[in-house]
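Visitor: Here the protein sequences come in this chain order: A and B.
Positions 1 to 464 (the numbering used here) are the ones given, in order, by the first sequence.
Positions 1 to 491 (the numbering used here) are the ones given, in order, by the second sequence.
Worth flagging that the hints you see were computed from the coordinates, not collected in a lab.
Keep in mind that the hints are not guaranteed to be accurate.
Okay, the calculated bits of chain B under chain A, using three or more residues with CB under 8 Å as the criterion [to be verified]: (1) 17-26; (2) 39-46; (3) 272-279.
To list a few chain B residues with every Cβ distance to chain A over 10 Å, as calculated [as the list claims (entries may be wrong)]: (4) Gln31; (5) Phe119; (6) Pro332; (7) Ser463.
With a straight-line cut-off of 25 Å between C-alpha atoms, the simulated SDA-like cross-links for lysine to any residue are [to be verified]: (8) B:Lys34 / A:Lys44; (9) B:Lys198 / A:Tyr299; (10) B:Lys34 / A:Asn329; (11) A:Lys44 / B:Pro71; (12) B:Lys36 / A:Pro295; (13) B:Lys36 / A:Asn297; (14) B:Lys34 / A:Gly321; (15) B:Lys34 / A:Tyr299; (16) A:Lys44 / B:Phe78; (17) A:Lys44 / B:Phe76; (18) B:Lys34 / A:Thr355; (19) B:Lys77 / A:Ile39; (20) B:Lys133 / A:Glu42; (21) B:Lys77 / A:Val41; (22) B:Lys202 / A:Leu130; (23) B:Lys133 / A:Lys161; (24) B:Lys36 / A:Tyr299; (25) B:Lys133 / A:Ile39; (26) A:Lys161 / A:Gly412; (27) B:Lys77 / A:Ala100; (28) B:Lys84 / B:Leu60; (29) B:Lys77 / A:Asn329; (30) B:Lys202 / A:Thr302; (31) A:Lys44 / B:Leu254; (32) B:Lys294 / B:Leu254; (33) B:Lys36 / A:Ala100; (34) B:Lys77 / A:Glu42; (35) B:Lys36 / A:Ser336; (36) B:Lys34 / A:Asp290; (37) B:Lys34 / A:His294; (38) A:Lys44 / B:Asn73; (39) B:Lys34 / A:Phe296; (40) B:Lys77 / B:Pro42.
Each residue gets a CB set at the ideal place from its N, CA and C atoms; glycine is no exception.
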Amino acid sequence: MSAQTWAREFVHRQRRGAELFLLILSLVVGIGGYAAVGIGVEQKVPADIVGYGGWLAVLIIGAHIVVRFVAPYADPVLLPLVAMLNGLGLAVIRRLDLAAGATQNDGFAKQQLIWMTLGVVLFAGTLIGLRDHRIMQRFTYTSGLAAVVLLLLPMLPGIGKDINGARIWIHVGPLSFQPGELAKVLLVIAFAGYLVLHRDALALAGRRVAGIDLPRGRDLGPILAMWLISLMILVRQSDLGSSLLFFGLFVIMLYVATERRGWIIVGGGLFLVGAVAAAKLISHVSARVDIWLHPFNHYQTTAGPHSDQLVESMFGMAWGGLLGRGFGNGSPYRISYANSDFIIGAIGEELGLATVLAVILCYGLIVERGLRTAIICRDDFGKLLSVGLASSFALQVFVVVGGVTRLIPLTGLTTPFLSYGGSSLVANWVIVALLLRISDQARRPLPDLSFSASDEATQVVKLP
Amino acid sequence: MTAGMNRPIRTLSVFCLLLFVALMLNATYLQYFKSKSLNDDPRNRRVIQAAFSRQRGAILAGKTAVAHSVPSNDQFKFQRTYPKGPEYAPLTGYFSYYSQTGIEHSQNEVLSGDDSRLFVTRLVDLVNNSDPKGGNVELTVDPKVQDAAWNGFKQLGSGLQAAAVAIEPSTGRILAMASTPSFDPNVLADHDLTASTKAYDKLLKDDSQPLLNRAIQTTLPPGSTFKLVTSAAAMEDLGMTPDSKVNGNSSLKLPQTTHVLHNENNESCGGNKVTMTQALDRSCNVAFADIGLKLTDAQLRAQAEKFGFDQSQYLTDLPGQATSRFPKVLTPPLRALSAIGQYEVAATPLQMAMVSAGIANHGVVMKPYVVDRVTSADLDVLDQTKPSELSTAVSAKTAGMLTEMMTSVVDQGTGTPAKIPGVKVAGKTGTAQSTAERPPYAWFTGFAPADNPKVAVAVLVQSSNTDRSEIAGGALAGPIAKAMMEAVINP
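Take these sequences, add in the hints, and give me the full structure.
Guide: What follows is the structure, given as C-alpha cells:
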C-alpha cells in the first residue's frame with residue numbers, strides 16, 4: 001500500500017496509444033514526402049508508392065509492436081521522432097536519386113531503406129535481447145577494447161579504404177561499413193560503465209591544483225588512455241567530426257559523473273588548445289577554417305581548397321527561403337554529397353527554413369527526451385549511459401548542421417537518421433533502442449522495480 | 001533512487017538548449033536575413049536556372065517583339081528567341097545561362113517578373129495557380145529606322161565595322177541603334193550549354209569584336225564632326241556668326257612646334273578669308289584649328305562637356321556605355337588639333353548624335369533613353385519614361401545659326417549625299433585620321449527636317465572594304481544617315 005501511495009506521485013503511464021498516433025503522423029511525413037517527391041520531380045505519384053509505403057509502415061508499426069511488448073513503459077515520443085526523421089531523409093535521398101537519374105530500383109534511397117530495415121531489426125533485437133540495460137555494465141572494458149579495435153580496422157591494409165581524404169571505411173566484399181559509428185555506441189557504454197565505478201574516487205580523492213580538484217592518476221589513467229588512443233586514431237584518419245564528437249562526449253560524461261564544473265573548464269581549455277594547434281599545424285584543418293571564414297574566396301577555384309559544397313549549400317538554403325522551392329523545383333543536386341553530410345542544405349532549399357527549424361526541433365526533442373530519461377533513471381549507470389547517448393545526438397547534430405550552415409567550421413559527420421549512410425543509420429537505431437530500454441526501466445512503476453532492482457544491484461556489484 | 005548527477009544533467013540540458021537555439025538562429029539568419037544578398041550573387045546558378053524555367057517578358061520595338069520566350073520541351077520550360085537576331089542584338093543583348101547583357105541585363109527584374117512593380121501580378125498568379133510571367137519592355141526604337149540603318153550596313157558589303165544612332169531631338173528617345181558586325185543572340189540562348197559556351201568563346205576570340213555595341217561602347221576621334229562643337233564655342237564665347245571671316249589658307253603653322261597643319265588635299269578654303277559657313281561647307285581644317293587657337297582651353301572643353309563629353313552614364317537603361325572624352329590639359333598646338341576632332345578627342349556615335357540633337361532642339365540636349373514603357377504581362381503600363389533635359393549646350397540663337405550652317409553643308413558642301421528631296425537636311429561629315437596604316441574613320445551626323453527637326457542621327461563607319469582614297473564621311477556614312485532620316489520623315 002505504501003508503495004502505491006508513493007507511486008501515485010511518480011507513476012508514468014505507458015502511453016503506447018499516444019506513440020501509435022504520433023507514429024502515424026510520422027508515416028504521413030515519410031510516405032507523403034515520398035509521394036511529393038514523385039509529384040514534384042516526375043509529375044506523378046511514384047508507381048511503387050504502395051510497396052514503399054507498406055514497407056515503411058511495416059517497419060515502423062513493427063517497431064511499435066516490439067516496444068509495446070518488451071518495453072511498455074518506454075518513452076512514447078522518441079520512436080515517432082526517429083521514424084519521422086528517417087522517413088523524411090528517405091524522401092530527400094529519393095529526390096536526389098531522381099536528380100541523378102536513378103530509377104526506382106536502384107539509387108541510394110533503396111539502399112537506405114534496406115539499411116533502415118536492418119536498423120529496425122537491430123532495434124527490435126536490442127530491445128528483445130537486452131531486457132535490462134545494466135547488464136551492459138559488465139562489458140565496460142570489453143566495450144572499450146572493441147571500440148578501439150573497430151576504430152583501428154580502417155587502417156588495416158586490404159579492408160581499409162580512403163574516401164575523400166578520411167580513412168574511416170572498411171570494405172569486406174561488397175559491403176562497406178564505417179566502424180566509427182558503432183565505436184561511438186561502445187565508447188559511450190565503456191565511459192558510462194567506468195565512470196559509474198570510479199565517480200566517487202574521481203570526484204573526491206586527489207589534489208587540488210589551482211582551484212581545480214585533480215583526480216588521482218590511477219583513477220583517471222585508464223579512461224584517459226582509452227580516450228587518447230581513440231583520438232589519436234581519429235586524427236591519423238583525419239576524421240575531425242568524430243574526434244570532436246568523442247572529445248565532447250568524454251568531457252560531458254566526466255562532468256556529469258563527477259558533478260565538478262572544473263572538468264568543463266579543463267575540457268574547454270584542452271579543446272581550445274587542441275583546436276588552435278590543429279588549425280595551425282594540420283593543413284587539412286587550417287584549410288577548413290579558411291573556408292569557414294572566407295567561403296566565397298574559395299568558390300569554384302581551380303587551385304587550393306575549394307568551398308563549392310558549402311557555398312552551394314548556402315546558395316540553396318537562401319534560395320529556399322522561408323517555405324522552400326518545393327520538391328523538384330530546386331537544384332539541391334548542385335551540392336556534392338547532398339544526400340549525406342549536406343542533407344540539411346537540400347532540405348533547406350526545397351522545403352525551406354520552416355522544415356529546417358522543424359528538423360532541428362525534432363533533434364532537440366530527441367535530446368530532451370534522452371536527458372529526461374537520465375534524470376528520472378533510478379540507477380547511475382543508466383543515467384550516465386542515457387546522458388552519453390543523448391549528448392552524442394546533440395553534439396553530432398550541432399557539429400554537422402552548424403558546419404553546413406557556417407556557424408562553425410565544417411567537419412564531416414552524418415546527420416542522424418536523415419543522411420544516407422548505413423553504418424550511421426543502424427548505429428543510431430541501436431542508440432534509440434538503448435534509450436528506450438533505459439526509459440522503460442526508469443518509467444516503470446516502482447513496485448516492480450523495488451524487487452528486481454535490488455536483485456540486480458547485487459549482481460552489478462559482483463561483476464568484475 | 002539516486003538523485004545524484006541530476007544537477008549537472010540539468011545544466012547539460014540548458015547547454016544543449018543553447019546549442020539548438022544557436023543552430024536555429026543561424027539557419028534563420030542564413031535563409032531569411034541573408035537570402036537576398038546570397039540570391040544576388042552573380043555566381044548563384046539557381047537564380048539563373050529559375051529564370052530559364054519561367055516565362056520571361058518580351059522586349060518590343062514598336063509592335064514587333066525583338067526578344068520573347070516560347071515554350072520548350074527540354075530541360076528548361078522556355079526558350080528565349082530573338083526573331084530579328086543580330087539587327088537588335090546591340091539593344092536586346094543576350095540571355096544565356098551564364099550571363100546577360102543589354103536590355104536583358106538592365107531590365108532583368110521586370111523581364112523576370114521579380115520587380116516590385118509586378119508584385120500584384122505575382123500575387124494574382126499565385127492565387128490563380130498559374131506560372132508567374134515576367135513583364136514586357138517596350139523600346140523607343142522605331143523598327144523602320146532600325147531597318148534603314150541595318151540595310152544601309154548591308155549595302156556596304158562584308159567586313160564592315162560601323163554603328164548608327166538615331167535620336168528624337170525633342171525627347172531624347174533613341175529611334176535606332178545599330179552596330180555591325182553583330183552576333184546572333186539565339187545561339188547564346190541555346191539550351192545546349194556546350195554549344196552556347198562554344199559560340200560565346202568564338203565571339204570573344206573574334207578580332208572584329210561582334211559582342212561590342214559600337215554605338216555606345218566604341219570611342220573614336222570624331223574628326224570634322226567635332227567642328228560643330230568648335231563652331232558652337234566660337235559663337236557662344238567669341239560672338240562669331242556664320243558670316244564671320246575665318247582663316248581660309250591651305251595651311252597653318254601650329255605655334256610652339258614646327259608642325260604645319262594642312263587642309264584636305266592641301267587646297268585653300270576659297271580665299272585668304274572665308275565665312276565660317278564656307279569653312280564648314282568645305283570642312284577646312286585650317287579655319288577651325290585657327291578658331292581653336294582663339295578659344296581658351298576651358299572654353300572649348302566646357303562646350304564639349306555641355307554636349308555630353310566627359311559625362312559618364314547619361315544612358316542609364318543600357319549597360320556598358322563608354323564615356324566620350326575631351327582631353328584634360330592642352331597646349332595650343334594640341335588645342336588646335338582637338339578643335340578639329342583629332343588628337344585625343346574621342347566620341348561614341350551616340351555622343352555625336354546628341355550634338356546634332358542638341359542643336360536641333362534649340363540648344364537643349366535631352367537625356368537619351370531606350371526604354372519607353374514597362375508593362376505587365378497583361379499589358380498594364382507599370383512605368384513610362386518621361387523625357388528629361390541633360391543640359392543646355394548653346395543658346396537658341398546659336399542653335400539657329402549652327403542649323404543654318406549645317407543646312408548649307410548638305411545643300412552645297414561635303415554633306416550632299418544626305419540630301420532628301422523636298423526636305424531641308426542639316427548635317428556634318430567627318431573623316432578622322434588615325435594611324436598611317438589604318439584607313440580613316442568616316443562620320444556623318446545631322447538632323448532633319450532642319451526647320452522642324454524630327455530626327456537626329458550619327459553614323460560611324462570604322463572600317464570597310466572601300467578603297468582608302470574613296471573614304472569620306474559624306475560618301476560612306478551619308479547615305480545610311482539619309483535612309484534613317486527618311487524613315488522618320490516619310491514613313
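Visitor: Against this structure, judge whether each hint is valid.
Guide: Hint check results:
1. 17-26: This one holds; 7 residues, not fewer than the three required, reach chain A with a Cβ under 8 Å.
2. 39-46: holds (count 6)
3. 272-279: Not satisfied, violated; 0 residues make the cut.
4. Gln31: Per Cβ check, glutamine 31 of chain B is inside 10 Å of chain A; nearest 4 Å; violated.
5. Phe119: Holds, because the least Cβ-Cβ distance between phenylalanine 119 of chain B and chain A comes to about 16 Å, which exceeds 10 Å.
6. Pro332: Label holds. Min Cβ-Cβ 52 Å, cutoff 10 Å.
7. Ser463: holds, 38 Å
8. B:Lys34 / A:Lys44: violated, 34 Å
9. B:Lys198 / A:Tyr299: Holds, because 23 Å separates the two Cα atoms, which is no more than 25 Å.
10. B:Lys34 / A:Asn329: holds, 21 Å
11. A:Lys44 / B:Pro71: holds, 21 Å
12. B:Lys36 / A:Pro295: holds, 17 Å
13. B:Lys36 / A:Asn297: Holds, at about 19 Å.
14. B:Lys34 / A:Gly321: OK: lysine 34 of chain B and glycine 321 of chain A at ~10 Å, within 25 Å.
15. B:Lys34 / A:Tyr299: At roughly 18 Å apart (the allowed maximum being 25 Å), tyrosine 299 of chain A and lysine 34 of chain B satisfy the hint.
16. A:Lys44 / B:Phe78: With a Cα-Cα distance of about 21 Å, the restraint between lysine 44 of chain A and phenylalanine 78 of chain B holds, given a limit of 25 Å.
17. A:Lys44 / B:Phe76: holds, 18 Å
18. B:Lys34 / A:Thr355: Roughly 18 Å separates the two Cα atoms, so the pair holds.
19. B:Lys77 / A:Ile39: holds, 17 Å
20. B:Lys133 / A:Glu42: holds, 23 Å
21. B:Lys77 / A:Val41: holds, 14 Å
22. B:Lys202 / A:Leu130: violated, 71 Å
23. B:Lys133 / A:Lys161: violated, 52 Å
24. B:Lys36 / A:Tyr299: holds, 19 Å
25. B:Lys133 / A:Ile39: holds, 23 Å
26. A:Lys161 / A:Gly412: holds, 16 Å
27. B:Lys77 / A:Ala100: holds, 19 Å
28. B:Lys84 / B:Leu60: holds, 11 Å
29. B:Lys77 / A:Asn329: At roughly 12 Å apart (the allowed maximum being 25 Å), asparagine 329 of chain A and lysine 77 of chain B satisfy the hint.
30. B:Lys202 / A:Thr302: holds, 23 Å
31. A:Lys44 / B:Leu254: Answer violated: lysine 44 of chain A to leucine 254 of chain B is near 83 Å, above 25 Å.
32. B:Lys294 / B:Leu254: Holds: lysine 294 of chain B and leucine 254 of chain B sit about 12 Å apart, inside 25 Å.
33. B:Lys36 / A:Ala100: Outside the cut-off at roughly 29 Å; violated.
34. B:Lys77 / A:Glu42: holds, 14 Å
35. B:Lys36 / A:Ser336: holds, 23 Å
36. B:Lys34 / A:Asp290: With a Cα-Cα distance of about 20 Å, the restraint between lysine 34 of chain B and aspartate 290 of chain A holds, given a limit of 25 Å.
37. B:Lys34 / A:His294: Satisfied, since the Cα-Cα distance of roughly 16 Å is no more than 25 Å.
38. A:Lys44 / B:Asn73: holds, 18 Å
39. B:Lys34 / A:Phe296: Answer holds: lysine 34 of chain B to phenylalanine 296 of chain A is near 14 Å, not above 25 Å.
40. B:Lys77 / B:Pro42: Roughly 22 Å separates the two Cα atoms, so the pair holds.
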